[in-house]
Amino acid sequence: MILISILTAAVVLLTFYGWMGTPLLLALSLSVAALILVLGRHHEHRHDDLTMLDSLAVRSRLSSMNPALKAAFFVLILIVSVAVDSVPLNAAVIVLMALITVAGGKIPLHAYLELLLIPAAFLLVGGLALLLDYSPVPSGVLQLPFFAGYLVVTRACQISSLVILCKALAAVSCLYALSLSTPLHELIAVLRKLKLPELVIELMFLIYRYIFILSRILSDMKTAADARFGFSCRSAVMRTAGGTMTNLLILSFRKASTSYDAMESRCYDGHLVFFTSPKAVKELHLLMAFCCILALSAVYCVGRWFL
Amino acid sequence: MTQPESLLELRSISYSYGNGEPALRGISVSIRTGERIALLGNNGAGKSTFFLCCNGVLKPQSGSVLLNGTVVSNKKRDLAELRRHVGIVFQDPDHQIIASTVESEVSFGPMNLGLPKSQVAGRLDAALKAMNLEAMRTRPPHYLSGGEKKRVSIADILAMEPSLILLDEPTAGLDCAHTVRLEETMAALHRQGMAMLVSTHDVNFAWRFADRILVLSKGDLIADAPAAEVFSQTALLQQAGLEKPAVFALSEALGIHPIPRTMEELTCQIRQSS
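Keeping their order, the protein sequence lines are chains R and E. Those letters in the first sequence? Residues 1 to 307, per the working numbering, in order. Those letters in the second sequence? Residues 1 to 274, per the working numbering, in order.
Mixed in with the good hints, there may be bad ones.
To be verified - List time: in silico BS3-like cross-link candidates among lysine-lysine, alpha-carbon distance up to 25 angstroms:
hint, chain 1, residue 1, chain 2, residue 2
1, E, K149, E, K129
2, E, K59, E, K244
3, E, K117, R, K282
4, R, K279, E, K218
5, R, K106, R, K255
6, R, K255, E, K59
Stated by the list, open to error - Label-pair ranges, simulated between beta-carbon atoms:
hint, chain 1, residue 1, chain 2, residue 2, range
7, E, T262, R, R61, 45 to 53 angstroms
8, E, Q61, R, G243, 35 to 43 angstroms
9, R, L203, E, E252, 55 to 63 angstroms
10, R, L203, E, T33, 37 to 45 angstroms
11, R, P278, E, E184, 31 to 39 angstroms
12, E, A121, R, L218, 33 to 41 angstroms
13, E, N74, R, L249, 28 to 36 angstroms
14, E, Q61, R, L203, 29 to 37 angstroms
15, R, K282, E, A80, 37 to 45 angstroms
16, R, R254, E, E183, 25 to 33 angstroms
Derived from the structure by calculation, the hints contain no laboratory data. Beta carbons are placed, not taken as given, at the ideal position from N, Cα and C, and that holds for glycine.
Based on the provided sequences and hints, a complete structural model is requested.
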C-alpha cells in the first residue's frame with residue numbers, strides 16, 4: 001500500500017511537472033498519496049476478496065434493472081472511451097461511472113475506491129514507464145542524471161501518459177460499474193442470449209456456483225489448520241498448503257459426483273435450463289442511459305473545441 | 001375398503017459399489033400413497049444408496065423397481081417418469097443447489113420436465129409459497145442461511161409435484177426452531193396426501209413423525225413394521241445400534257397405553273392420571 005501511494009505521488013508529480021507551480025504540485029501529489037494511504041488502511045480490514053464483488057452487485061440498487069440494457073450501455077461506453085483519444089471524455093467517464101456506482105447503486109464509496117486501487121498498481125507502474133525516457137543529452141521538462149545519460153520527462157511523454165492512464169482508468173471503471181450493478185449469473189444469461197456456445201454457458205453457471213461452495217470449504221479448512229498452528233512456521237505453511245490443496249481437490253471431485261446425482265434425480269438430461277422472471281426494460285432507464293450518452297458526447301465536443 | 005395400490009415398490013433389489021461389499025442386499029419394500037415412513041440405520045447402513053435406487057439414479061444390479069405397479073425399465077422415458085414421481089431432498093443442500101438464484105434453482109426440475117414456461121412459473125410460485133421463500137426469490141443461494149437453504153432444497157422437489165418425497169437426514173444441521181418448522185412443513189405435506197420416506201438417526205423425531213419404520217443394517221432390511229412395534233423390540237434396536245425414543249421408553253416404564261407421540265401428550269396424560 002505504501003508502495004502504491006509513493007508510485008501515485010511520483011506519477012502525479014512527473015505528469016504535471018511544468019504545468020503548474022512546484023509547491024502546488026508537491027501539495028497535490030502528497031495529498032493524493034496520503035489519501036491512498038488512508039484508504040489502504042481500510043483495505044487491510046477486508047475479509048472476503050473473492051466474493052466481495054458479487055455480494056456488492058447483489059445488494060446494488062441497480063441490480064433490478066434489465067441486465068441486457070446495463071451490459072449494452074457499459075460496453076458501449078467502454079468501447080468509445082478506449083477508441084477515442086480524449087482526456088476530458090475519459091475523465092467524464094470516470095466521474096460518471098463513480099456516480100452511477102456509488103450514488104445510483106448505493107455501493108459504499110470506500111468499497112468502490114478500494115476496488116479501484118487493485119488495478120491502480122498496474123496502471124501506475126505502466127504510467128511511470130511511459131513518462132520516463134532515456135536520452136544521452138538533457139532535454140524535455142525534467143532531467144535526472146542516470147548512468148552515462150539522463151532520464152528525461154518530455155511534454156509528449158506527459159501527454160501520452162495522461163491519455164493512456166485516463167483511458168485505462170475509464171475502461172476499468174466501466175467494467176467495475178457493470179460488475180458492481182449486475183450479478184454474474186445475469187451476465188451469463190445475457191451471454192446465453194448472445195448465442196455463446198451452450199457448453200461454455202453451462203460451465204460458467206456451474207463454476208460460478210462452485211466458486212462459493214469451494215471457497216467456503218477452503219476458508220473453513222484454513223481456519224481449522226490455523227487453530228492447530230498450521231501456519232506457525234514456513235515449513236508448516238508449506239505442509240498445510242499442500243494438505244489443503246489435496247483435500248480440496250478430492251472434496252471437489254466428491255462434491256461433483258454427489259451434485260451430479262442430485263441433478264440427475266431432478267431429471268437433468270444434459271441441458272442446464274433455468275427459469276428467471278424477466279426484468280423489463282423500463283422507459284425511464286432507457287431515458288437515463290440516453291442522457292448519460294448525450295452528456296458524454298457534449299463533454300467530448302467541448303473538449304474538442306476548447307482544449 | 002380395498003388395500004391402496006402401492007405407489008413405489010422395490011422387489012429384492014441389491015446394489016454394490018466397486019469395492020465388492022454389497023451396499024444393499026435383496027431389499028423389498030412397498031410404499032403406498034400418503035404414508036409416513038422413517039428409515040433408520042447407522043452411518044454406512046445403505047440409506048443413501050437405497051434412496052438413489054428408489055429414484056433411478058442408481059440402477060440396482062438385481063431386482064426391480066415398480067412405479068404404480070409397472071416395472072421401471074432402463075428407458076429414458078421410464079426413468080424420467082420415476083424421477084418425476086419420486087423426489088429426493090439431499091442431506092446437504094449445497095450438493096443439490098446448482099443455480100444462482102432461488103427462483104432459477106427451484107425452476108430447474110420443472111424446466112427439465114419440459115413444461116411450458118407458464119406452467120413452470122405456476123409451479124415455481126406454488127413451491128416458493130409453500131416453503132415461505134417468496135421474499136428471497138432473486139437472492140443467490142450462497143447468501144442464505146442453513147435453514148433457508150434446506151427450505152430451498154425442499155421447494156426444489158415440491159416444484160416437480162412428486163407423489164413421494166425422500167428426505168435424506170432432513171434435520172441434520174438444523175437448530176431446534178428450524179426442526180420444528182420443518183416438522184410443521186412435513187405435516188402440511190402429509191395432509192395434502194404426499195407420501196414421505198425420511199432417513200434419520202434421530203429416533204425421537206422418527207417416533208413423532210412416522211407411522212411405519214424401516215430399519216437398515218449393513219445393507220439388510222431388518223425391520224419393516226408399524227412404529228410402535230419396531231420400538232418395542234429391544235433386541236432389534238440393539239442389533240441396529242439404535243435407542244428407544246425418550247417418550248416411548250418413559251411411557252413404557254410408566255405403563256401408559258397407547259404410547260403418546262410427543263412429550264406434550266405424555267405430560268398431559270401424566271397430569272390427567274395423577
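Okay, the hints, checked on the actual structure:
{"no.": "1", "hint": "K149(E) - K129(E)", "in the structure": "holds, 15 angstroms"}
{"no.": "2", "hint": "K59(E) - K244(E)", "in the structure": "violated, 34 angstroms"}
{"no.": "3", "hint": "K117(E) - K282(R)", "in the structure": "holds, 23 angstroms"}
{"no.": "4", "hint": "K279(R) - K218(E)", "in the structure": "violated, 52 angstroms"}
{"no.": "5", "hint": "K106(R) - K255(R)", "in the structure": "violated, 36 angstroms"}
{"no.": "6", "hint": "K255(R) - K59(E)", "in the structure": "holds, 20 angstroms"}
{"no.": "7", "hint": "T262(E) - R61(R): 45 to 53 angstroms", "in the structure": "holds, 47 angstroms"}
{"no.": "8", "hint": "Q61(E) - G243(R): 35 to 43 angstroms", "in the structure": "holds, 37 angstroms"}
{"no.": "9", "hint": "L203(R) - E252(E): 55 to 63 angstroms", "in the structure": "holds, 57 angstroms"}
{"no.": "10", "hint": "L203(R) - T33(E): 37 to 45 angstroms", "in the structure": "holds, 41 angstroms"}
{"no.": "11", "hint": "P278(R) - E184(E): 31 to 39 angstroms", "in the structure": "holds, 34 angstroms"}
{"no.": "12", "hint": "A121(E) - L218(R): 33 to 41 angstroms", "in the structure": "holds, 37 angstroms"}
{"no.": "13", "hint": "N74(E) - L249(R): 28 to 36 angstroms", "in the structure": "holds, 33 angstroms"}
{"no.": "14", "hint": "Q61(E) - L203(R): 29 to 37 angstroms", "in the structure": "holds, 33 angstroms"}
{"no.": "15", "hint": "K282(R) - A80(E): 37 to 45 angstroms", "in the structure": "holds, 40 angstroms"}
{"no.": "16", "hint": "R254(R) - E183(E): 25 to 33 angstroms", "in the structure": "holds, 30 angstroms"}
Checked against the numbered hints listed earlier, the structure breaks hints 2, 4 and 5; every other hint is satisfied.
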